[in-house]
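A.B. asks: As they're listed, the protein sequences go chains A and B.
Using this note's numbering, you'd call the opening residue of the first sequence number 1 and step up by one each time.
Using this note's numbering, you'd call the opening residue of the second sequence number 1 and step up by one each time.
Incorrect hints may appear among the rest.
What the hints assert, rightly or not - Residues from chain B shown here face chain A by an in silico Cβ test under 7 Å; the list is partial:
| # | residue |
| --- | --- |
| 1 | Ser36 |
| 2 | Ile47 |
| 3 | Gly62 |
| 4 | Ala66 |
Just so you know, the hints here were simulated from the structure itself, not pulled from any lab data.
Ideal Cβ placement from N, Cα and C applies to all residues, glycine included.
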Amino acid sequence: MKSKLRGFTLIETMIVLSIIGLIIPVMFSLFFINLRSQTKVLILQEVKRNGDNSLNTIESLSKQFGVSFHQASPPLRTNEVCVTTGSNYSAGNIYILDESGDWFSFYLDNGRIASESGTTGVTYLTNDKVVVSSFSLTCDRPISVSPPIMSISFTVSQVGTPGRQEEEASLNYQTKIKLRSY
Amino acid sequence: MKSNILQRGVTLLEVLIFITILSFVFIGVAITTTSSLQRTQYNQHKILATHYAEELEEWMRGEKEADWTSFVNKSAALPGRIYCFNSTTIAWPSVGNCSGVYGLVNTFKREATLSGTGSQITVNINIEWQEASNLFSIPIDTVFSQWD
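Just need the whole structure built from these sequences, with the hints factored in.
C.D. replies: Right under this line is the structure:
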């Protein structure tokens, strides 16, 4: 009668506990890997969104409204650059004169792309979740019969250093545009 | 006898049922997590692939703006010429496809086909990558015309 009532032995309990102890860490590590890769996608999304937006804005504004390139503000005939054939300018900020006589400019300000205009002041094209580096706007004019060409290039990266076993979310952007209303 | 009934433990059947339910729950959670992980991986690759495709498209646009004549020379009448842009810094490679090499950041294959002559060039950019023996691709088609 006594033998029929026996419960689990110590060995049995230990086996059960060790199996549970193996399964639980696996489940949790899966969960955390998942969480981490989702964070990575979110960061990448943010980087791409900022980069795409900046490139589109610079590209479309310059293409639509740009008339000529200048090396200083206010833009005057005397400080116009990329006028003669074969000339180029890559020394500093480019100020772009628009059709209504106002000017606008894009430059790097503490890791963010600033868009400044003579009438509306400074606005930022990227937010503080990303850092922009290697920002360059240059112009050159290979042929006199066609408008000057502006080259845009920059790199957008995530803010801060990535955690271990992760590569940094960093994307390069580059394009060239011709002023339409030259 | 009365105390014996009170101290009755769990039967084998009860333990089996419990374990089965528990393992079903665990398997369910594991499947959901892994599929979610795969989807995240796919999302990440897709974001990157779209970027690389757009990057090449913008670069092509730049080449076209800079010098139409040499841009046209890169193209040929249908079926056109295929180029492999597996390098992160873009420059014109010699004619030829990637021969099945996923060399762009060790994940992607980036090919562009330029077809057409004269004042209109069609550019087909195709990014391909493999994931869990599935093949994914992002195609972008653009037509470049001579303006001036």
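A.B. asks: Tell me, in ascending order, the numbers of any earlier hints that this structure violates.
C.D. replies: Result: no hint breaks.
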